[in-house]
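Asker: Listed here are the chains, written in short residue letters.
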Amino acid sequence: MLVNCVVYQNGKKLADIPVEEISEYVTRQDCFVWVALAEQEPAELDKMAEEFGLHPLAVEDARKGHQRPKIEEYDESLFVVLQMVEAPKEGLDGSLRLGEVAIFVGDNYILSVRHHTQKGFVDVRARTEREPELLRNGSAYVLYALMDNVVDRYFPIIDALESELEQIEEQIFVRNAARSNIKALYTLKRQLMTLKHAVDPLMDATGKLYGGRVPHLCAGMQEYFRDVYDHLHRIHASIEAIREMLATAIQVNLGMISLNETEVTKKLAGWAAMIAVPTMLAGIYGMNFKYMPELDWAYGYPLSVAVMIGIDVWLYFRFRKAHWL
Amino acid sequence: MLVNCVVYQNGKKLADIPVEEISEYVTRQDCFVWVALAEQEPAELDKMAEEFGLHPLAVEDARKGHQRPKIEEYDESLFVVLQMVEAPKEGLDGSLRLGEVAIFVGDNYILSVRHHTQKGFVDVRARTEREPELLRNGSAYVLYALMDNVVDRYFPIIDALESELEQIEEQIFVRNAARSNIKALYTLKRQLMTLKHAVDPLMDATGKLYGGRVPHLCAGMQEYFRDVYDHLHRIHASIEAIREMLATAIQVNLGMISLNETEVTKKLAGWAAMIAVPTMLAGIYGMNFKYMPELDWAYGYPLSVAVMIGIDVWLYFRFRKAHWL
Amino acid sequence: MLVNCVVYQNGKKLADIPVEEISEYVTRQDCFVWVALAEQEPAELDKMAEEFGLHPLAVEDARKGHQRPKIEEYDESLFVVLQMVEAPKEGLDGSLRLGEVAIFVGDNYILSVRHHTQKGFVDVRARTEREPELLRNGSAYVLYALMDNVVDRYFPIIDALESELEQIEEQIFVRNAARSNIKALYTLKRQLMTLKHAVDPLMDATGKLYGGRVPHLCAGMQEYFRDVYDHLHRIHASIEAIREMLATAIQVNLGMISLNETEVTKKLAGWAAMIAVPTMLAGIYGMNFKYMPELDWAYGYPLSVAVMIGIDVWLYFRFRKAHWL
Amino acid sequence: MLVNCVVYQNGKKLADIPVEEISEYVTRQDCFVWVALAEQEPAELDKMAEEFGLHPLAVEDARKGHQRPKIEEYDESLFVVLQMVEAPKEGLDGSLRLGEVAIFVGDNYILSVRHHTQKGFVDVRARTEREPELLRNGSAYVLYALMDNVVDRYFPIIDALESELEQIEEQIFVRNAARSNIKALYTLKRQLMTLKHAVDPLMDATGKLYGGRVPHLCAGMQEYFRDVYDHLHRIHASIEAIREMLATAIQVNLGMISLNETEVTKKLAGWAAMIAVPTMLAGIYGMNFKYMPELDWAYGYPLSVAVMIGIDVWLYFRFRKAHWL
Amino acid sequence: MLVNCVVYQNGKKLADIPVEEISEYVTRQDCFVWVALAEQEPAELDKMAEEFGLHPLAVEDARKGHQRPKIEEYDESLFVVLQMVEAPKEGLDGSLRLGEVAIFVGDNYILSVRHHTQKGFVDVRARTEREPELLRNGSAYVLYALMDNVVDRYFPIIDALESELEQIEEQIFVRNAARSNIKALYTLKRQLMTLKHAVDPLMDATGKLYGGRVPHLCAGMQEYFRDVYDHLHRIHASIEAIREMLATAIQVNLGMISLNETEVTKKLAGWAAMIAVPTMLAGIYGMNFKYMPELDWAYGYPLSVAVMIGIDVWLYFRFRKAHWL
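Residue numbers (the numbering used here), protein chains in the order written: chain A, 1 to 325; chain B, 1 to 325; chain C, 1 to 325; chain D, 1 to 325; chain E, 1 to 325.
One thing to keep in mind: the hints can contain errors.
One copy or any two copies: either way a pair holds, since identical chains are not told apart in the list.
Said to hold, decoys possible - Listed below are the simulated BS3-like cross-link pairs for lysine-lysine, each with C-alpha atoms no more than 30 Å apart in a straight line: (1) LYS47 x LYS70; (2) LYS196 x LYS267; (3) LYS290 x LYS70; (4) LYS321 x LYS12; (5) LYS183 x LYS321; (6) LYS290 x LYS196.
Bear in mind the hints are in silico, worked out from the structure with no lab data behind them.
Same shape as in the complex, but just chain A:
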């Protein structure tokens, strides 16, 4: 589905054009064409490949989807794949949803193709059109704006994961919460891995856009791509921090489970003792010996019961003191 197809000149929008006219503008020195596709159909992408002269391997990747995030150079053009991570509306219980956007960038064009993602890049287009002095930098600036936008969408996700971890941490030393904690920790781990596999390869790839041998296209924009890299690095550091705390939390939770087991055993032992001792005494006075003087005492029965209760009260306070009960 074609979302937009616009020509820009000197940082200003020139016109919305039909797809057929792309080839006219794409050869002009001072223009560039910015096309946005969503959930592309094969025919559309083929058309684009022809208009812009895209490399068949890149086109095949964009068509198939399910790529890992990457930035590849094909001669003078770049092929960028980004993953968009979206939290389901109903909160963080389930797994994160993954969208994908493939971007083809040449000197005079930029083509974005997005999959499985609801939120598009209308905001990005609006914002960049408001800043003509920056948009004058051409397609590389649009690439920066798109990447910056995708990366900014990771921040609320990482914040949600962090607050999820904090919630679990509060529960971790609470008794009887082990089962739900363990589930929550595992779910969090899964979500974290999803985010990590969207962020880490992209960070590595972005690092090549500002230091060392930079692709021709990004030459004047290095400080901008370093900014994107810096954001990705910050997310990466947060992911690693959560990951390490998560590993520790899982171990600590295991310790709490064992500890609870011990406490259950102690409690069990305490009550068992308080039942077993009277039972033993009752057993003794249930013996059928002929000569058992206590049996004939007038107050034998209440006395024996009193002894039983006395022992139990004493046991109860001893166990209490030892924190078994």
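We have chain A already, so just place chains B, C, D and E on it with the hints.
Answerer: Only chains B, C, D and E this time, still in chain A's reference frame:
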């Protein structure tokens, strides 16, 4: 066993030739010979070594088999070893089967020798012959096609492992499944390691075919080998993701086992209490004291039994509320 | 809030100047201006950006805060972000507080902007003014002095964490301390991670100020920045040491919990035996067989009780010897 | 002890010579001397050091033994230390035995000194003498042959460790084997570490003999040393695979131990219930109430016993169904 | 405290000189001064800094102490910090003691300052004076001799740690030793970390004295510094080996604790059954039914006791066979 021996010129099949004529074609500028052996016999391989002038160390590796995946340069030629990972037909219960293919590539020839693998490369030959404009690139393109084919066969395996992990994850928080989970996790780990040891060394080796100092043979084909590398990297990332989730799953499963232990202990304690208390009471009324007024009451017996039942009912609901029963 | 705005010439303070006069001094060859802001308001920072010609991306980072520690070059100037880690006054029970200082450094100016931190850099200014022969090195020396000051503030934190670990270690083999140990270990881990994420990125960044291609600004000051790096490396090594011991301590603590479980079970078993054996004997003499000679013995009852006590005493010493009780 | 001292010319054995004549041959252009010592005495090694002009630090290393595997350049000569790992004859129960061979290689000589190892290098000498066209490469080829031989001896060890792991894996899910498994896993880990510390440093060192700046001596032999490296890499990969599976196996075994604990507890609980319920019933009918109608029934006793048995049978099948028994 | 202050010329001792005369000799071409301080007082070090022209940052490090091991270049001179690890005399129960030595090396001088360490470098001075042909290499050779000496002192420590680990390993599969094992493992870990933090940074630093761009001072001595590096690498490898075995031992020990728990539970269950069954039988014959034929049998009582004993004997052998008792 000789499978095929074909000469190509300018991307088109020229003729099937007998082995003896190889040396005639292999020296022509614009031809290349593509030979496929399967489960080679020593004599065959010696013959080939002579025809193509293969290096004795490479020939010895191909003969012995059980190599790790690698790409080695011998002067102007390449020696490539790939591992083929095949799932047994009866599902993923057992271990994965490993096949192997050794490929010798020179400017004018390509020789593949496969071992312990049922599925050959007939498809590859058919597909490449349908694309003469690409096949014109010569033996390096055939190498690409073979590697691409082998790598594509890893995808269904990794998908199977991923869905296996998902199945275990669903079972992991189910009670009483710990034993089968633990077995399944261990088997999955083994399978994952098999795949990892096929993929990782190949990825490293393939990385040298497109960046930095590229072997002479692969010079014009770098984008194609980068594509293979990219696929391997994607599989590698999936393997690492499964591996990390697997480690977490094993730990979580350990936690679930301990948790179940605690729950069994609690259940046990609950029922024990409900038996022990009446036993104690019965013991008390079984004492042989002379003066035990309750014993003479007309309704002493039913009353005592009622008290027992009453206490048990009360205990039952208390334990229920505390989630011990 | 403007804290200070001072011009220095040849290592000596020239004058406190109002913000408006900055532009006069900043272009002089032998002067530099040192401005300190605290909890800046947007307007202030915009003013500064204009006076010093700061890069918009850096200004945006300083305004937003919550950056990771970093050192970025913008043409001839540097943008430095440091994190300040402060222990809460009421001891190390809670989490560490994080402050932040952003520093813009050019040939003729240095601007520090601090956030969320109580202790400022008045000491640094006083000390550097007492050493005019060093201050003559210009803004780079002030940068060194600020970084050195921030890094020196990490040492008491790491000392506190080390002594915290030692305290836990003393408790770890004490019985019944497992629950508080496990909490303390987790809290310590959290604090350690906070410090680690302040120190590690800064160490990496500082490493680029003295070796290899050094930013123009820091050219003559390499030994000083190596000194800062060395301090950071020492803190880093201490963090890694605590981290590894912490991981071991968590595992060992888990072992101690299991061990205590075993000991509780043994104790429980011991006392259970000492109750169960007399109960069994009493049960036997409570049987209603007609012909049970012991029942008619005059000393049957005391004898049976004596046997019970005898067995219990024997059991007690056996369990004692086996360290079950 | 001098094992051999032979001069070779153009790949062919010239003569066995006495140690005194070494200096005559070692200066000839086209000859090289190959000396083998075993369990050297100090005097022998000093003599050799003098004849060949060995570096004192290398000689000291060879004399002391207990070196880690390494390859060091001293000007034009190489000093190589290899470890030989031998399985004890009585199987893999104990720890692996470590031998050592120090090799000094110069343009015209090669001297091997072996320690604590029974099997020498007679085979190597015999094989190389059968291949004069290769032996013509001189001392570097002999070095290759010795290294190849030592590395080939690692393969049966790694095979033994792999089959040891497989044996343990078969036992791991068998009940009641936990104790012997845990011992076997620990022993295997120890053996693996021994092999790892022989293989890994050697692999790193060998890597420098074929890529990048290669020592003058090995110049024409790079493909051969790459072959040794490749073998070492294969062993290294196997070691890493075993190591990772071992770590998983230890964790899984821990899980199985906990699982068995739970199963024992369940079994215990099941039988306890089947004993406790009749005991409770018997207690009830052992009460001394005057009016207990059942007591007077003619079939009261068999009925009560029947009820007891009935409840136990019912319990038995319930526990059976729940897999507690 | 000044220990020594000696001038050497051409590898031979010239004279003991007072501190005041240092400046006379330090400028002579063919001389060098070797000064040793122990537990320096501030004034001494200031004096030295003046005489040798030491860098203030290095002097400050030497004064403060508690540095990590490092080798820093200041123009033409080197500043080296080494840690000396000493086992307490009363064995390895406590923690290792850390001493420190700071060494300043220039072309014509070497100054060592040691802290918190009893054993000095008198041996080193004596040995180097016995080898004038080596001492002729000047201050760099003395640096080598000092480093070699410090590194050689690590070997007995690592041997002690290794034998400590072996002792624990022998205990690990012994029952009832878990508590002392766990303590010993933790103490060993602590000691290992202390050694590791002395050795690892030094190894990295020493690596820069022989490969790549070597400091001017060490130019002709590279083989000697490589030897020191090699020793450090060997210690490093031993530390890593102990560390990995230690981690495994801790896990295995945890497994043994769980296993013992299971065994205790089984034993407990066995004896419980042997008490509970007779108790149940006794309960049954303690019921007050009117018509219980067995009660009237002459041999009812002994028979019932015989049955009880019979069942217990049978149970005992069954449990024995199942290894529960």
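Asker: Determine for every hint whether it applies to the structure shown.
Answerer: The hints, checked one at a time:
1. With identical chains, the CA atoms of LYS47 and LYS70 are at most 30 Å apart within one copy only, with a shortest distance of 24 Å there and 40 Å across copies.
2. For the identical chains of this complex, LYS196 and LYS267 are neighbours neither inside a copy (44 Å) nor across copies (41 Å), given an alpha-carbon limit of 30 Å.
3. In this homomeric assembly, LYS290 and LYS70 never come within 30 Å of each other (Cα to Cα): the closest approach is 94 Å inside a single copy and 90 Å across copies.
4. In the homo-oligomer, the alpha carbons of LYS321 and LYS12 never lie at most 30 Å apart, since the shortest distance is 80 Å inside one protomer and 69 Å across protomers.
5. Taking identical chains as interchangeable, the C-alpha atoms of LYS183 and LYS321 lie at most 30 Å apart only when they sit on different chains, with a minimum of 22 Å there against 35 Å within one chain.
6. Taking CA atoms no more than 30 Å apart as the test, LYS290 paired with LYS196 passes in neither setting, with 82 Å inside one copy and 77 Å between copies.
Violated hints, in rising order: 2, 3, 4, 6; the structure is consistent with all others.
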